Amino acid sequence: GDSVTQMEGPVTLSEEAFLTINCTYTATGYPSLFWYVQYPGEGLQLLLKATKADDKGSNKGFEATYRKETTSFHLEKGSVQVSDSAVYFCALDDYKLSFGAGTTVTVRA
Amino acid sequence: ETGVTQTPRHLVMGMTNKKSLKCEQHLGHNAMYWYKQSAKKPLELMFVYNFKEQTENNSVPSRFSPECPNSSHLFLHLHTLQPEDSALYLCASSQEGSAGGAAEAFFGQGTRLTVV
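These protein sequence lines are chains A and B, in that order. Using the numbering used here, you'd call the opening residue of the first sequence number 1 and step up by one each time. Using the numbering used here, you'd call the opening residue of the second sequence number 1001 and step up by one each time.
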C-alpha cells in the first residue's frame, strides 16, 4: 500500500540555520504530496503541497519539490526561526491521506 | 481557528467508563475523519465518513464506535478502553470528489485522552 517515510527526529537547530527534513514515498498511482505542521497544543495544518512531478510547493519560507525519479518530497528552509519549532508531517494523497511519523524540530535562540 | 472544533480538549476516563468525543466542522465539507496520534508513531487513520456514510474502518477495535449524524458533526463513542488507547485523537474534514485527490484536510486541535 501507499506509505510515507520521513527522517526521524528530534532535530535541534540554532536560529538562522538551514533545515532539511527528508521524505520519501511509495505509491502505486500518482499521488499529491503534502507537508503538514503541528505547533504545540494544536492540530495539524497544511504547510505546502505539490500535485504533480516537478511541482514546487512553498509557504512561510519553506519549500519542497515533488521528485518522481527519487520518489521524494524533502522539506527545506534556508533560515529557521524559533517560531518554526513544531512537528512536521509528510503526507501523500492517492484518494486517501497517508502520513509519516512526524519529525520534531526545535529551534534555539 | 481552522473551522474544525473538537470537544473536550482533555479527557481522563477509567477503563469501565463510557464517554464520547465530539467534532464539528463549519466548512461545508463532505468528508470527516478520526485519527489517532500516539507518541513516536505515524498518524493512524481510524474512520472515514463521506456524505455521512462510513467508507473506511481501519481495523479499529469495537470499543471505538463512530457516529456521523450529519455532514457537520462526527462523534467517537468510547467504552471499556485500555491504557494503551491513551493518545491524541484528531478530527479532520475535507472536500472530497476531485480526481486525483489533493483535497486539503483541516484538523481540529484534538482531544488528549488518558485512560486510567
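Please keep in mind that the hints were generated in silico from the structure rather than gathered at the bench. The structure presented is a predicted model; accordingly, all values stated were derived computationally and were not measured. Heads up, the beta-carbon is just placed ideally off N, CA and C, and yes, glycines get one too. Hints are not guaranteed to be accurate.
The following label-pair restraints were derived from C-beta to C-beta distances [claimed, not checked]:
# : chain 1 : residue 1 : chain 2 : residue 2 : range
1 : A       : Glu16     : B       : Met1015   : 47 to 53 Å
2 : A       : Ser14     : B       : Thr1005   : 35 to 41 Å
3 : A       : Gln81     : B       : Met1015   : 39 to 45 Å
4 : A       : Pro10     : B       : Val1012   : 44 to 50 Å
5 : B       : Gly1014   : A       : Gly1      : 34 to 40 Å
6 : B       : Glu1053   : A       : Arg67     : 23 to 29 Å
7 : A       : Gly41     : B       : Pro1061   : 24 to 30 Å
8 : B       : Thr1005   : A       : Tyr95     : 35 to 41 Å
BS3-like cross-link-like pairs, simulated, lysine-lysine; straight-line CA separation at most 30 Å [claimed, not checked]:
#  : chain 1 : residue 1 : chain 2 : residue 2
9  : A       : Lys56     : B       : Lys1041
10 : B       : Lys1036   : B       : Lys1019
11 : B       : Lys1041   : A       : Lys52
12 : A       : Lys49     : B       : Lys1022
We went through each hint and held it up to the structure:
1. Look at Glu16 of chain A against Met1015 of chain B: about 49 Å separates their beta carbons, and that is inside 47 to 53 Å.
2. Between Ser14 of chain A and Thr1005 of chain B the C-beta distance comes to about 37 Å, which sits within the given range of 35 to 41 Å.
3. The hinted window of 39 to 45 Å between Gln81 of chain A and Met1015 of chain B holds, with their beta carbons roughly 43 Å apart.
4. Here the CB-CB span from Pro10 of chain A to Val1012 of chain B is close to 27 Å, at odds with the stated 44 to 50 Å.
5. Distance hint check for Gly1014 of chain B and Gly1 of chain A: the Cβ-Cβ separation is about 36 Å, which falls inside the suggested range of 34 to 40 Å.
6. Taken as a hint, the range 23 to 29 Å is violated for the pair Glu1053 of chain B and Arg67 of chain A, whose Cβ atoms sit roughly 37 Å apart.
7. Checked against the given bound of 24 to 30 Å, the beta carbons of Gly41 of chain A and Pro1061 of chain B, roughly 27 Å apart, stay inside it.
8. At about 27 Å, the beta-carbon gap between Thr1005 of chain B and Tyr95 of chain A misses the expected band of 35 to 41 Å.
9. Of the supplied pair hints, the one linking Lys56 of chain A and Lys1041 of chain B holds, its CA atoms being roughly 28 Å apart against a limit of 30 Å.
10. Restraint check: the Cα-Cα separation between Lys1036 of chain B and Lys1019 of chain B comes to about 16 Å, which is no more than 30 Å; the hinted pair holds.
11. As the CA atoms of Lys1041 of chain B and Lys52 of chain A are separated by approximately 28 Å, the hinted pair is consistent with the 30 Å bound.
12. This hinted pair checks out: Lys49 of chain A and Lys1022 of chain B have alpha carbons roughly 29 Å apart, not beyond 30 Å.
Of the numbered hints listed earlier, those contradicted by the structure are 4, 6 and 8.
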